[in-house]
Amino acid sequence: MTWHTIRRKEPGLPPGTLVHTGEEKSERVNITIMAYNAETFEERQVENIADCLPLKENFTVTWISVDGVHQISVVEEAGKHFDIHPLVLEDIVNVNQRPKMEDHEQYIFLVFPAIYYDQEEETIKAEQISLILGPRFLISFQETNKDIFGSIKERIRNNKGVIRKKGTDYLAYALLDTVVDSYFVILEMLGEKLDAIEEGLVNAPGVEILRSIHKLRTNCTFLRKSLWPLRELVASLERSGSNLLQDFTRAYLRDVYDHVIQIIEGIETFRDMLSGILDVYLSSVNNRMNEVMKVLTIIATLFIPLSFIAGIYGMNFEYMPELKWKWGYFTVLGVMALVSFFMLLYFKLKKWF
Amino acid sequence: MTWHTIRRKEPGLPPGTLVHTGEEKSERVNITIMAYNAETFEERQVENIADCLPLKENFTVTWISVDGVHQISVVEEAGKHFDIHPLVLEDIVNVNQRPKMEDHEQYIFLVFPAIYYDQEEETIKAEQISLILGPRFLISFQETNKDIFGSIKERIRNNKGVIRKKGTDYLAYALLDTVVDSYFVILEMLGEKLDAIEEGLVNAPGVEILRSIHKLRTNCTFLRKSLWPLRELVASLERSGSNLLQDFTRAYLRDVYDHVIQIIEGIETFRDMLSGILDVYLSSVNNRMNEVMKVLTIIATLFIPLSFIAGIYGMNFEYMPELKWKWGYFTVLGVMALVSFFMLLYFKLKKWF
Amino acid sequence: MTWHTIRRKEPGLPPGTLVHTGEEKSERVNITIMAYNAETFEERQVENIADCLPLKENFTVTWISVDGVHQISVVEEAGKHFDIHPLVLEDIVNVNQRPKMEDHEQYIFLVFPAIYYDQEEETIKAEQISLILGPRFLISFQETNKDIFGSIKERIRNNKGVIRKKGTDYLAYALLDTVVDSYFVILEMLGEKLDAIEEGLVNAPGVEILRSIHKLRTNCTFLRKSLWPLRELVASLERSGSNLLQDFTRAYLRDVYDHVIQIIEGIETFRDMLSGILDVYLSSVNNRMNEVMKVLTIIATLFIPLSFIAGIYGMNFEYMPELKWKWGYFTVLGVMALVSFFMLLYFKLKKWF
Amino acid sequence: MTWHTIRRKEPGLPPGTLVHTGEEKSERVNITIMAYNAETFEERQVENIADCLPLKENFTVTWISVDGVHQISVVEEAGKHFDIHPLVLEDIVNVNQRPKMEDHEQYIFLVFPAIYYDQEEETIKAEQISLILGPRFLISFQETNKDIFGSIKERIRNNKGVIRKKGTDYLAYALLDTVVDSYFVILEMLGEKLDAIEEGLVNAPGVEILRSIHKLRTNCTFLRKSLWPLRELVASLERSGSNLLQDFTRAYLRDVYDHVIQIIEGIETFRDMLSGILDVYLSSVNNRMNEVMKVLTIIATLFIPLSFIAGIYGMNFEYMPELKWKWGYFTVLGVMALVSFFMLLYFKLKKWF
Amino acid sequence: MTWHTIRRKEPGLPPGTLVHTGEEKSERVNITIMAYNAETFEERQVENIADCLPLKENFTVTWISVDGVHQISVVEEAGKHFDIHPLVLEDIVNVNQRPKMEDHEQYIFLVFPAIYYDQEEETIKAEQISLILGPRFLISFQETNKDIFGSIKERIRNNKGVIRKKGTDYLAYALLDTVVDSYFVILEMLGEKLDAIEEGLVNAPGVEILRSIHKLRTNCTFLRKSLWPLRELVASLERSGSNLLQDFTRAYLRDVYDHVIQIIEGIETFRDMLSGILDVYLSSVNNRMNEVMKVLTIIATLFIPLSFIAGIYGMNFEYMPELKWKWGYFTVLGVMALVSFFMLLYFKLKKWF
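Chains as they are written, first to last, in our numbering: chain G, 1 to 353; chain V, 1 to 353; chain U, 1 to 353; chain Z, 1 to 353; chain X, 1 to 353.
Source of the hints: derived by calculation from the structure; they are not laboratory data. Just so you know, even glycine gets a beta-carbon here, dropped at the ideal spot from N, CA and C. Take the hints with a grain of salt, since some may be wrong.
Beta-carbon label-pair distances, calculated as ranges [as the list claims (entries may be wrong)]: (1) U/Ala196 - Z/Asn287: 19 to 25 Å; (2) U/Asp83 - V/Asn48: 54 to 60 Å; (3) U/Gly206 - V/Glu154: 54 to 60 Å; (4) Z/Asn159 - U/Asp83: 20 to 26 Å; (5) G/Pro321 - X/Lys350: 36 to 42 Å; (6) Z/Asn287 - X/Gly200: 24 to 30 Å.
SDA-like cross-link-like pairs, simulated, lysine to any residue; straight-line CA separation at most 20 Å [claimed, not checked]: (7) G/Lys100 - V/Ile261; (8) V/Lys153 - V/Ser182; (9) Z/Lys351 - U/Phe353; (10) U/Lys56 - U/Lys80; (11) G/Lys146 - G/Tyr116; (12) X/Lys348 - Z/Val207; (13) X/Lys294 - Z/Ile299; (14) G/Lys294 - V/Leu302; (15) X/Lys348 - Z/Ile299; (16) G/Lys166 - G/Asp247; (17) V/Lys80 - V/Asp51; (18) G/Lys215 - V/Glu199.
All chains should be built: construct the whole structure from the sequences, respecting the hints.
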């Protein structure tokens with residue numbers, strides 16, 4: 001997904017038609033289940049969503065993690081078992097959604113991008129995360145097999161922190177928090193690139209700096225596009241009156257909200273800095289050019305009149321009295337020296353060098 | 001309709017005077033009727049609006065689709081039979097309306113543009129769609145005979161999806177959704193053009209890139225102008241308390257709203273990117289120019305002093321001792337070589353090449 | 001009135017002092033009275049406002065149209081007879097008011113500019129229209145004798161449309177609508193100028209295009225300055241709870257509001273386009289310049305080394321072995337040809353032509 | 001006070017410490033008292049604030065006008081007698097306050113700048129006006145002895161207008177109105193400067209225009225900085241529910257509000273125009289430069305090849321057959337003429353002149 | 001902390017994990033306690049937070065000032081004794097927080113940066129101040145041992161002003177006010193730099209001005225980033241309904257709010273001015289360049305044709321009649337003088353000098 005991909009299902013299809021619009025990013029779809037309560041926990045790889053339904057009864061939280069959304073049947077099955085609105089299912093497979101939060105009473109639907117930096121293409125890439133947050137279950141969909149939420153799984157396995165003591169809302173918060181935290185990593189990296197550009201500007205302002213500025217700016221635009229709706233998402237989640245959310249979790253969501261704001265402000269500052277850097281770059285290029293032109297001008301204006309004088313006495317007229325003079329040659333050399341001196345003086349006064 | 005056409009009826013005419021302000025885009029006005037309920041459906045071409053009134057009784061939904069608004073009498077007839085406010089009729093024939101939604105209690109009036117891309121002129125064009133949404137009927141007006149809503153007609157004929165089970169509000173949603181979906185197609189196309197420009201920038205930054213940027217920018221401006229009021233239209237339709245709209249449909253309207261927002265954000269991102277690309281383009285042109293100038297400067301500053309030396313010894317003074325020297329000529333050649341060497345060294349130190 | 005005239009009465013004068021601040025645009029002040037109801041109507045030229053008071057009793061609407069506000073006594077007389085607040089009277093004669101609407105319970109005060117295009121000076125000019133809308137009377141003030149509202153007078157005389165059947169509020173709407181409609185004419189004209197500029201850009205980008213852009217931009221700035229408060233005026237008029245306004249009229253005011261918004265959006269689009277056109281213009285000029293410089297550079301870098309070679313053999317040293325060679329001259333010519341060839345090859349590789 | 005002076009008391013001092021932060025603009029502090037009611041009036045110069053307390057009993061309004069705030073004791077005395085909050089006193093002597101209005105129940109505190117144009121330095125300067133509006137008294141503080149409110153004193157002395165019949169709120173309005181009116185004078189002056197710049201642009205675009213643009217822009221920035229909070233001040237004064245303000249006065253405050261808005265819009269328009277003018281200026285300079293370069297290019301590209309030809313036949317080879325030809329010289333001259341002709345033709349085709 | 005440092009704890013750690021993210025700015029952590037009421041006061045250096053708990057009983061205010069947050073155990077201990085939310089503790093040690101205010105009922109948490117100017121690096125630096133404002137205690141955390149609040153400690157020791165008579169809210173206000181006041185110092189300093197740049201622009205517009213502009217702009221961006229959330233902080237503190245705040249203090253908070261607004265407006269004005277200065281700078285550089293080019297053009301266009309004439313008569317044709325003429329040489333000199341004269345005339349007419 002590059003920054004302007006908005007591929008969508010064909011216009012005219014009835015709403016709720018499930019059509020996967022992204023690239024197929026993983027070969028097969030993995031379904032992992034983590035069911036837990038404060039005391040015990042169970043982790044399992046299943047083939048069908050249906051396999052996890054029994055677990056739902058015995059644990060306070062059943063987390064169904066689906067890696068890969070290109071297999072429509074899996075999403076449809078989840079939709080059937082958990083009674084999900086067809087438009088929600090459409091949004092899950094239609095992978096370039098704008099971050100948003102929808103409260104469907106029985107469940108809350110969250111969709112937002114997890115981002116990572118592609119070192120080769122030097123661009124930020126994203127995959128879509130969809131969460132369906134029910135009273136005792138949470139279904140997460142992601143496009144690839146990347147272990148984005150590995151640290152959370154670890155915390156559940158090792159009963160680290162409060163996660164095992166809390167409900168699905170805290171789990172959803174933890175997933176969201178992990179994704180938002182990874183934005184800081186990207187931000188830090190963009191900041192380093194910005195520093196590198198600024199440094200390069202001082203040392204050797206070449207044309208490749210322009211490309212770096214453009215690339216960085218594109219990345220900022222991409223991030224910014226996701227972040228503003230992400231901010232809305234977190235705000236409306238925190239403020240929602242849904243009884244799927246407990247007050248305990250709300251305080252943590254407010255913390256996530258602060259982080260999103262901080263990232264947005266970082267991006268805005270980057271954009272501001274970039275436009276300042278561009279100004280400096282353009283002026284530097286201009287200044288170097290001016291310096292070059294000044295040398296040309298000095299040399300040319302100095303020698304053009306002198307060459308003209310030499311040209312005069314190179315003419316072959318039969319009667320040119322100066323040519324016969326004993327000191328004619330040296331007089332002309334003297335005149336040339338004088339002309340040079342006054343021109344240099346003039347340049348000096350004009351502060352050309 | 002180009003982007004700034006706002007042709008209107010003459011100032012001073014009484015309000016409610018019906019004057020068609022667009023070009024006549026189709027030769028004759030077609031009136032098609034699709035009447036349906038969950039079980040049965042009927043499709044008919046009629047001559048007069050009056051011909052469709054009997055159908056209204058027997059079906060839950062009667063869709064009267066009028067292709068061509070330049071024949072004032074048809075619009076007037078519709079106005080009379082369905083008791084439409086004269087200002088609404090004026091807006092239908094006055095084809096460059098701003099997208100808007102008006103709740104007239106007995107019916108809701110929607111007007112918005114359907115857009116398509118004119119490959120020849122490389123501009124986005126639009127035709128105005130007007131919808132009058134009543135309790136059991138929906139009248140749609142469009143300017144041309146283009147089969148914009150073909151896929152929906154197909155869904156009605158084949159009883160595909162839920163459309164036949166729902167009322168006029170769902171039909172209106174379906175029409176609106178089809179139009180909004182077609183914006184994505186345009187957006188995708190503009191995105192491809194943007195990519196092409198960005199690529200061209202790297203390979204060969206010529207003057208025609210500037211024209212492409214300008215054209216793309218104009219198209220974005222055109223789209224943007226329609227989209228902001230379209231956003232308002234969808235929002236106020238969804239939020240309206242009108243009992244012509246059922247809750248079932250509202251969820252779908254929210255979906256359309258999300259799409260419009262997504263398109264708007266896409267356009268804004270394009271504009272942002274375009275201004276970045278323009279900066280890169282201008283700098284590239286500048287850099288190429290500077291390179292050219294640098295070559296000129298190097299050649300000129302190198303040879304101007306040498307030519308001067310040659311000029312000195314081309315003078316015809318009778319008494320020029322150097323000319324008699326055995327090695328005079330080779331000494332001068334040596335001096336010239338030395339001067340060149342030091343100048344090249346200077347250029348090297350200045351990092352001119 | 002040019003776009004920045006804000007001439008005002010001297011600071012320090014007590015509020016309510018009537019001082020006319022505009023140019024005297026008409027020689028004498030004309031007072032025309034049109035009194036009407038659905039059945040009958042009367043039109044009269046009077047000398048004093050007092051002359052129209054008897055008519056007020058017999059008709060539902062008495063429209064007193066005052067052409068020229070430089071005669072303070074007329075405005076004062078109107079103020080006395082209709083009990084108008086001194087600040088309102090001050091605003092009427094103080095002609096460069098910002099469009100605004102004031103609800104004074106007994107009457108509503110509206111002030112807004114009517115604009116027209118001065119072909120000679122190529123600028124938009126304005127004159128101030130003030131309306132005092134009472135329960136059975138409407139007083140309109142304008143600065144000149146221009147027949148701005150001729151079409152409305154015609155409609156009253158001929159009983160065309162609903163105007164004779166409605167009250168003073170509908171008349172006020174009709175006057176406002178006429179003025180707003182005339183903005184569309186100006187807008188269309190500016191659009192044509194924009195097209196002309198865009199076309200000129202393609203054919204021959206000369207310096208006069210810059211002046212056209214600047215002129216157009218100034219005109220847009222002028223219009224924009226009036227339009228935003230005009231929008232407020234119409235909105236607050238429509239939304240006001242005053243019982244001088246009937247629901248019937250409100251629907252029409254909403255229509256006017258839509259028009260104002262449409263004009264504002266048109267202007268904003270123009271401004272956006274103009275800044276795009278300026279970018280294209282500046283780049284075009286730059287490109288032309290670069291082309292010129294490139295020719296200079298090619299010619300200069302080609303001939304400067306050749307001239308140097310010729311200069312070498314123009315030296316008058318006694319001992320220059322090459323000069324004696326039989327084929328010396330032709331060898332040198334050959335060397336020159338070779339140098340030219342390689343330089344042209346280099347230019348070709350650099351894609352300079 | 002230049003536009004960015006924000007000198008303040010040292011950080012860390014307890015709040016309410018009175019430290020005068022401006023320059024000492026007058027030698028001594030004058031205290032003038034004007035006490036009046038509808039029938040009678042008294043004017044007096046006093047030494048101490050205490051001297052005016054007896055007057056307060058006999059008149060409806062006692063206006064204590066203090067010229068000069070650098071003498072802390074006077075402000076402290078006023079604070080003690082009228083029971084003013086220490087932070088208010090601090091704001092009075094701390095002269096670079098942002099315009100604001102504070103309702104302290106017993107009194108309303110207003111602070112805003114009076115501006116004037118310093119012809120010598122060509123900048124707008126300001127002095128701070130503070131008003132304490134009580135039920136029967138009004139204290140005004142200003143920094144200098146300038147007779148800013150002379151016209152109001154005159155109106156009180158001569159019982160002109162309604163001022164003697166109204167309370168302290170109307171007096172406060174009158175003072176505020178006088179200051180706001182003086183902004184129009186500055187605005188008009190800036191407008192004239194703008195016109196002068198625009199005219200100069202057409203005739204002779206020199207470097208001093210750039211300085212004028214910059215100066216004007218700085219002045220606009222300065223004004224704008226004061227005006228936005230001034231707008232807030234007037235709005236919150238008008239809307240405040242304080243019973244120190246009568247409805248009669250509120251209408252007049254609304255008028256002042258309109259004026260402030262009008263001034264703000266004027267300034268914004270100026271800024272907009274200035275950036276347009278800067279564009280035109282930069283392009284004009286560019287165009288002139290291009291013209292100069294074109295002449296250089298034409299001359300240089302014309303003569304460089306010709307000089308080369310002359311150089312060829314200036315070589316001293318023993319065997320150069322052309323030199324012996326009878327018509328050699330004239331042939332060469334002919335060739336040169338031909339070359340010139342074709343080059344001029346090429347320039348003509350390229351539309352270089 | 002430079003302007004874009006947003007280093008954070010590793011993504012994936014459970015929330016509430018205390019990880020210090022800043023540099024270790026002081027060697028050891030100092031804990032100072034100042035406990036006071038109107039009559040008496042006690043100051044003490046302690047090792048553990050626990051040591052100060054007894055004091056809390058005997059005094060109305062106990063201020064625990066912790067210098068250095070890199071020692072996690074101290075913060076944890078404070079959290080345990082005063083029952084602080086883990087996310088608050090995390091924010092205290094996670095030192096690059098966005099300024100914010102959180103009302104936790106038992107206490108209010110404030111976090112904001114104190115700034116100072118690093119003369120060596122010519123950048124603004126910041127350290128994070130965290131305040132926990134409880135009913136009878138206030139804990140302040142800062143990163144370094146800098147005596148930021150020395151003047152307040154002095155006021156407490158000497159019982160200066162009202163500070164000893166008031167509660168913890170007034171103390172919090174005093175700390176906040178001290179920090180905000182120090183922003184004015186920075187602002188004043190930036191203003192001086194701006195003046196220096198503006199002056200340098202007039203005298204000698206060199207490339208180092210560009211760097212100064214860029215540096216100043218970066219500093220403004222940095223300040224601005226902190227100030228907008230600081231404004232929110234103060235506003236929500238003042239408006240909060242918490243009963244930890246007394247009305248007496250609210251008036252003082254409003255004063256702080258005014259100061260923050262004033263600083264923000266100052267910064268915005270600086271940014272505005274800087275972009276104006278950049279325009280002037282770029283144009284000045286351009287103008288100087290044009291002047292240089294004009295001299296080149298004049299010299300070159302003047303001498304190129306003259307040199308060509310000299311070149312003609314330097315040719316060695318055997319038959320060149322002019323060469324034999326007695327006055328040939330002087331005629332040519334005369335022609336050259338004439339050509340020069342007309343070219344200079346042309347330049348004069350073109351206003352090139």
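Here is how each hint holds up against the structure:
no., hint, in the structure
1, U/Ala196 - Z/Asn287: 19 to 25 Å, "holds (20 Å)"
2, U/Asp83 - V/Asn48: 54 to 60 Å, "holds (57 Å)"
3, U/Gly206 - V/Glu154: 54 to 60 Å, "holds (55 Å)"
4, Z/Asn159 - U/Asp83: 20 to 26 Å, "holds (25 Å)"
5, G/Pro321 - X/Lys350: 36 to 42 Å, "holds (37 Å)"
6, Z/Asn287 - X/Gly200: 24 to 30 Å, "holds (29 Å)"
7, G/Lys100 - V/Ile261, "holds (11 Å)"
8, V/Lys153 - V/Ser182, "holds (16 Å)"
9, Z/Lys351 - U/Phe353, "holds (18 Å)"
10, U/Lys56 - U/Lys80, "holds (16 Å)"
11, G/Lys146 - G/Tyr116, "holds (11 Å)"
12, X/Lys348 - Z/Val207, "holds (19 Å)"
13, X/Lys294 - Z/Ile299, "holds (14 Å)"
14, G/Lys294 - V/Leu302, "holds (14 Å)"
15, X/Lys348 - Z/Ile299, "holds (17 Å)"
16, G/Lys166 - G/Asp247, "holds (12 Å)"
17, V/Lys80 - V/Asp51, "holds (14 Å)"
18, G/Lys215 - V/Glu199, "holds (13 Å)"
Violated hints for the displayed structure: none, as all numbered hints are satisfied.
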